[in-house]
Amino acid sequence: MVPTHYYLILGAALFTIGVIGVLTRRNIMIILMSIELMMNAVNINLMAFSDRLQQVTGQVFAIFVITVAAAEAAVGLGIVIAMFKNKETMNINEIDLMKW
Amino acid sequence: MNIPPVNISSILPAAVLSIVGIAVMVAEPFVDRSKKTLLGWLALAGVMAAMLAIYPMSENRGQWYSNLWIVDDYNIFFHVIFLLIAGITILTSLDFLEREEINHPEFYSLLLFATAGMLMMSGANELIMVFIGLEVLSIATYVLAGFRRTDLKSNESALKYFLLGSFSSAFFLYGVALVFGATGSTNLIEIAEALRSSSLQITLVYLAAALMLIALCFKVAVAPFHIWTPDVYEGAPTPVTGFMSVGPKAAGFAVFIRVFMTAFPQIQDRWISIIWMVAALTMILGNVIAVSQTNIKRMLAYSSIAHAGYIAVAFASGSRRGVSAALFYMLAYALTNLGAFAVVTILSRSEDKLTNISDYAGLAAKRPGLAALLTIFLLSLAGIPGTAGFSGKFFIFRSSVESGLLSLTVIGVITTVVSFYYYLYIVVQMYMREPGEEFSDLRVPASLKIALLIAAIGTLYLGLLPTRVLDWSTTAALTALR
Numbered sequence: 648m649v650p651t652h653y654y655l656i657l658g659a660a661l662f663t664i665g666v667i668g669v670l671t672r673r674n675i676m677i678i679l680m681s682i683e684l685m686m687n688a689v690n691i692n693l694m695a696f697s698d699r700l701q702q703v704t705g706q707v708f709a710i711f712v713i714t715v716a717a718a719e720a721a722v723g724l725g726i727v728i729a730m731f732k733n734k735e736t737m738n739i740n741e742i743d744l745m746k747w
Numbered sequence: 004m005n006i007p008p009v010n011i012s013s014i015l016p017a018a019v020l021s022i023v024g025i026a027v028m029v030a031e032p033f034v035d036r037s038k039k040t041l042l043g044w045l046a047l048a049g050v051m052a053a054m055l056a057i058y059p060m061s062e063n064r065g066q067w068y069s070n071l072w073i074v075d076d077y078n079i080f081f082h083v084i085f086l087l088i089a090g091i092t093i094l095t096s097l098d099f100l101e102r103e104e105i106n107h108p109e110f111y112s113l114l115l116f117a118t119a120g121m122l123m124m125s126g127a128n129e130l131i132m133v134f135i136g137l138e139v140l141s142i143a144t145y146v147l148a149g150f151r152r153t154d155l156k157s158n159e160s161a162l163k164y165f166l167l168g169s170f171s172s173a174f175f176l177y178g179v180a181l182v183f184g185a186t187g188s189t190n191l192i193e194i195a196e197a198l199r200s201s202s203l204q205i206t207l208v209y210l211a212a213a214l215m216l217i218a219l220c221f222k223v224a225v226a227p228f229h230i231w232t233p234d235v236y237e238g239a240p241t242p243v244t245g246f247m248s249v250g251p252k253a254a255g256f257a258v259f260i261r262v263f264m265t266a267f268p269q270i271q272d273r274w275i276s277i278i279w280m281v282a283a284l285t286m287i288l289g290n291v292i293a294v295s296q297t298n299i300k301r302m303l304a305y306s307s308i309a310h311a312g313y314i315a316v317a318f319a320s321g322s323r324r325g326v327s328a329a330l331f332y333m334l335a336y337a338l339t340n341l342g343a344f345a346v347v348t349i350l351s352r353s354e355d356k357l358t359n360i361s362d363y364a365g366l367a368a369k370r371p372g373l374a375a376l377l378t379i380f381l382l383s384l385a386g387i388p389g390t391a392g393f394s395g396k397f398f399i400f401r402s403s404v405e406s407g408l409l410s411l412t413v414i415g416v417i418t419t420v421v422s423f424y425y426y427l428y429i430v431v432q433m434y435m436r437e438p439g440e441e442f443s444d445l446r447v448p449a450s451l452k453i454a455l456l457i458a459a460i461g462t463l464y465l466g467l468l469p470t471r472v473l474d475w476s477t478t479a480a481l482t483a484l485r
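Read top to bottom, the protein sequences are chains A and B. To convert, take the position in the first sequence, counting from 1, and add 647; that gives our numbering. To convert, take the position in the second sequence, counting from 1, and add 3; that gives our numbering.
Among the hints, erroneous ones may be present.
As the list claims (entries may be wrong) - Computed footprint of chain A on chain B, listed as stretches where at least three residues anywhere in the stretch have a Cβ under 8 Å from a Cβ of chain A: (1) 58–70; (2) 131–137; (3) 149–155; (4) 181–193.
Treat the hints as calculated values from the structure; they're not laboratory data. Small disclaimer: the values here were computed from a predicted structure and weren't measured. We put the beta carbon where it would ideally sit given N, CA and C, even for glycine.
Work out the full structure: start from the sequences and follow the hints.
Take a look at the structure:
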């Protein structure tokens, strides 16, 4: 049996990778994927805690997170496509009409 | 296995909004292109019905649905604020959408869903519920921000809001997961009980509270997490900017106060000092940067950051008086700011032309009524006695002085004086400069007249006779601080 803290370390590592991805990558799609990675890191944590505490709340929450993340991804892609029609770029640095 | 009792009346307002929102969407294809505005009025009727539905809800106090949902005065107070915001925003949008040729009734559906999300947030008694409410609100608002699909600025606004919003949601979730791991529950009251017993990993709770604090600071746009605000507010369609500057902000604070006051009172000495710093920084940055703005939407965005700072001052006092002042201020600020944005909506042209402050020169000579209304709203935002903004700021600073936050109060008062400059600068432009623009082709449709009337009456009522609402907000604060 794998100890709980292994899962927590995995979750923390994935979350950190996601945060670094959002902060450093310049491609919109990769930023979106990094955000998804962060959400799923949270799911791993929830499942690990749920197993350790023998409580089903964490698993229910994880299902809600998956559902909401799907809705969010759909809206996010829609926004990216709407923008792409007006300006053909995927680089976040070129989306700079408004500053300061 | 026992199934928890179903009590529809305790969630009636949110249910009404969701059903009307779906009805608007379903009816949309069957309505003639020229009559799409009718669906806007249907949405408005839905908001009014939800307002009436508060009454049966208020008779079902207590916790419902496996303690997911709580009906108390705090929740009811926020229901009134949110439904007022939704109503005024719909009234402001009716003519705007037609004029901008983006008259898609989905706008009203999204607005209703966003409002339903806010209602869920104010009544949440459980972190799962908080998260769902937050996301229902956020996802609908992302789309609203990008509603002018062919306008690159609107796209950019939606994209920035989406990326930073979902980024901060992930932080919130991580915090929730850690709280669940440390205390074994996501129920706010059970978390507080678990914290009272000492046998848990308090470091984990600190980390979780810090992550949730960061995420909520993002949502209410306080410094240093405010960077997205001006860009998002400038690019979004004007009525949506008005909505975003009051709705999600008030909902964010509703959750902020509820979660931290109910679940984390045991570690209050830790987070209250962070709120202190956030409040000071927000008031200084918001007010100082607003001075140099030339676009009125951007200026009002910085001003909304500054106002979040004032609410954070009330929150930092951590007392019943403080929470009551914060609630009062949110109502006062919502009415005032929506009024100001309604005037900006009337004056702006397609593609956001005429939203520079210099375009307002000589408005008083051409349109004295509009100029007078905008002056009332700006004076209220600045906090001149006799307006809602003054009573709100007075109650906030009174509570912070009582809690011994003298230096924070001094910062608040000084930055308020700074804010006089940029609010009164617009008044000076309107009354003392030569007209540069012809405002003769402006029309003020009935819907906007009603919106302006509600906002102006509310602003003056809360300014001149604040006691009644204050008593109510005090009762509401009492239930939030169990």
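Do the hints match the structure? See the list:
{"no.": "1", "hint": "58–70", "in the structure": "violated (count 0)"}
{"no.": "2", "hint": "131–137", "in the structure": "holds (count 3)"}
{"no.": "3", "hint": "149–155", "in the structure": "holds (count 5)"}
{"no.": "4", "hint": "181–193", "in the structure": "holds (count 6)"}
Hint 1 from the list above is the single one not met by this structure.
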